[in-house]
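Enquirer: In case you want the letters, here they are:
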Amino acid sequence: MGINPIEYRAWKGVRSAQKSRLYVIAKSVFRHKIRSFGVIALLALGFLLVHAFQIIFSVIAPHESLDAQTMYDYMGSGGTFAIFAILLGAVVTSDLISDDVANRSFVLYFSRAIKVRDYLAGKSSAALLIMSLLCAIPPVMVAIASMATQTGDDYSGSAGVLGRTAVAGAIATIFFVPYGLMMSSLTKRKSYAAVGTFMSFFVMIIVAELFAEFDPAWRIISPADSLAYSFSWIFGLEMPSYVDGWALAGFMTAFIAIPAAVVYLRVKRQVVG
Amino acid sequence: MQGAVENPDQVIPKDDHILLTARDVTVRFGSVIALNGFTVDIPRGVIGLLGPNGAGKSTFIKASLGLIPRNGGTISVGGLDPQTQSLRIRDDIGYMPEHDCLIPNVSAVELVSYLGQISGMGPRDAMQRSHEVLDFVGIGEERYRLVKSYSTGMKQKVKIAQAIVHDPSLLFLDEPTSGMDPNGREEMLDLVRRIGATGKTVIVSSHILQEVERVCEHAIIISDGRLVRDGKMGVLMAGEEGLFNITIRGVPKALEGFVRALGGVCDIVEKTDEGTNQVALSARGCGDGRRVFALSKEHGVQVRGYVPDKMSLEDVFLQAFQGGGSRGY
Ligand SMILES: Nc1ncnc2c1ncn2[C@@H]1O[C@H](COP(=O)(O)OP(=O)(O)OP(=O)(O)O)[C@@H](O)[C@H]1O
Ligand SMILES: [Mg+2]
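Each protein sequence line maps, in turn, to chains A and L. For the first sequence, my numbering assigns the number 18 to the initial residue and increments by one for each residue that follows. For the second sequence, my numbering assigns the number 15 to the initial residue and increments by one for each residue that follows.
You may find that some hints are simply not true.
Pairs of lysine-lysine residues, derived as DSS-like cross-links and limited to a Cα-Cα distance of at most 30 Å, are as follows [claimed, not checked]:
| no. | chain 1 | residue 1 | chain 2 | residue 2 |
| --- | --- | --- | --- | --- |
| 1 | A | Lys29 | L | Lys267 |
| 2 | A | Lys29 | L | Lys169 |
| 3 | L | Lys169 | A | Lys205 |
| 4 | A | Lys132 | L | Lys214 |
| 5 | A | Lys132 | A | Lys44 |
| 6 | A | Lys44 | L | Lys169 |
| 7 | A | Lys205 | L | Lys162 |
| 8 | A | Lys285 | L | Lys267 |
| 9 | L | Lys162 | A | Lys132 |
| 10 | A | Lys285 | A | Lys132 |
No lab work stands behind these hints: they were computed from the structure.
Make the full structure from the sequences, and use the hints.
Expert: Next comes the structure, spelled out in structure tokens:
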């Protein structure tokens, strides 16, 4: 303050960004995330282990057109793709809400005129953007590279597969985020949230395995498997006979919608007004 | 250009005298009753919210922001209900929570400008304003350092900076001086005074009476979730009607004669010898003091002070808690 105290000055400006509060949060979270070690490491590893080989392969292996089966094998079977999506989902979402509650900056957000909806949309769109760097953009790049090097001239068929790839990528991007956010809203410790997210997927996978002994239809409650089944449907391939399309759709919808509702209600309850 | 509306973001009307009213507000946390039929009218100005620990000060502030639900009663902030119309009023309110609440791994400029943007300011405006308010609160080059490296005093300053970044009309400061050293407190009180001088309404909670006494124009005393006393500082601290404190100087003999004579015209409540040549008296019923001065001439003593009785806020506080509150609590 010193010798010459500065007088308080009123601000004469106009709040020009009333509508972009959501975007402000998203941008800040994204910038923070993209510099964090865990995210960079997972993106790099995932890119190397899941995508890099596929890009090279799709360019050098002679192929007539972009083939749905190839894309499915790459994204759906084997499970590495899903495992990385789960890991990244857990890491990206774990601190989004828990940290705000832990360091109480939560109250700084909500003493301002921000809707719970915008707060959550801001946080999750940043998470989705990061997820898409692993789950959607690389597969689309693979598909484009493959199309660009195809020997045949069925471009419209290839474009269809490209579109399906984008849809599959979008689903993989969205699939794990609400669950991770829910975990983040249930604890103040981001490590608990991350481990909790990962562990509960793990438990679902184990449970699915166990029950599948009796009836393979139970496999859909493994998030990794249900994601893979949805891919085979998206790519227009045959789903295993034991998978009931409606049950799969129901599980996947519930897996996204229930956590999303829980997060909303949790935050709403903590904020009241 | 809209001519009539000076600032469209200003929701809280500028003209009403009473800015915030609470009627029978009850807030419970399980079995704890934090506010118990709290009723108050808060005018504009710098307002002190006083009470011991656990009185319900923070609860009242949070309820006024719509951050916690009420179990009963009504609150109106500039005519709006903070619970159902929270989004409208919050753009015009600044809030400095009592606890640590800053995001630790960003710098102060970033943090304040980020929160400015959450309040709806454009990114450039927010950044510029962030520098302006950090200048105002006295955070210098440190503003580029991560907040987690700050001392408690600096954190308090950043907390107040984030509360004023969007230039709200109403500010709630919950124990702004807590954890600060005497110099820091002084600076903080000075900030409050300077903000108040611009015509904003600032509601400052504290349990340190001297602080409130120094900066506030109006005080609200709360205890056990109820209003104990409230009023303008001058009125609150005014002593008993008709009671005057008189200080006189003179040789001991003359003093003795004067006191005896004064006892004949008014009612001397208290007499204290302040050394051999000075006496302090509390007297009632001396009227406008003309007779006191006449008597002093007669007895050859000098009147050095003739002032209406005045209490410190501490006296008010103590009196209120001994059951002497004006509202009969
Ligand atoms: N979230 C809560 N859960 C349970 N009890 C609470 C909660 N918040 C406040 N209380 C209780 O409500 C009462 C009033 O608390 P409040 O924080 O409003 O007091 P205060 O006047 O701000 O005190 P202090 O000077 O210590 O900050 C206290 O008995 C407190 O224990
Ligand atoms: Mg408090």
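Enquirer: Each of the hints needs a verdict: does it hold here or not?
Expert: Going down the list of hints, with the structure as the test:
1. Lys29(A) <-> Lys267(L): violated, 68 Å
2. Lys29(A) <-> Lys169(L): Status holds; Cα separation ~26 Å.
3. Lys169(L) <-> Lys205(A): Status holds; Cα separation ~22 Å.
4. Lys132(A) <-> Lys214(L): Roughly 26 Å separates the two Cα atoms, so the pair holds.
5. Lys132(A) <-> Lys44(A): holds, 17 Å
6. Lys44(A) <-> Lys169(L): holds, 25 Å
7. Lys205(A) <-> Lys162(L): holds, 18 Å
8. Lys285(A) <-> Lys267(L): Between Lys285(A) and Lys267(L) the Cα gap is close to 77 Å, so the pair fails against 30 Å, i.e. violated.
9. Lys162(L) <-> Lys132(A): holds, 28 Å
10. Lys285(A) <-> Lys132(A): Holds. Lys285(A) to Lys132(A) sits at ~9 Å (cutoff 30 Å).
Hint compliance for this structure: hints 1 and 8 are broken, all remaining hints hold.
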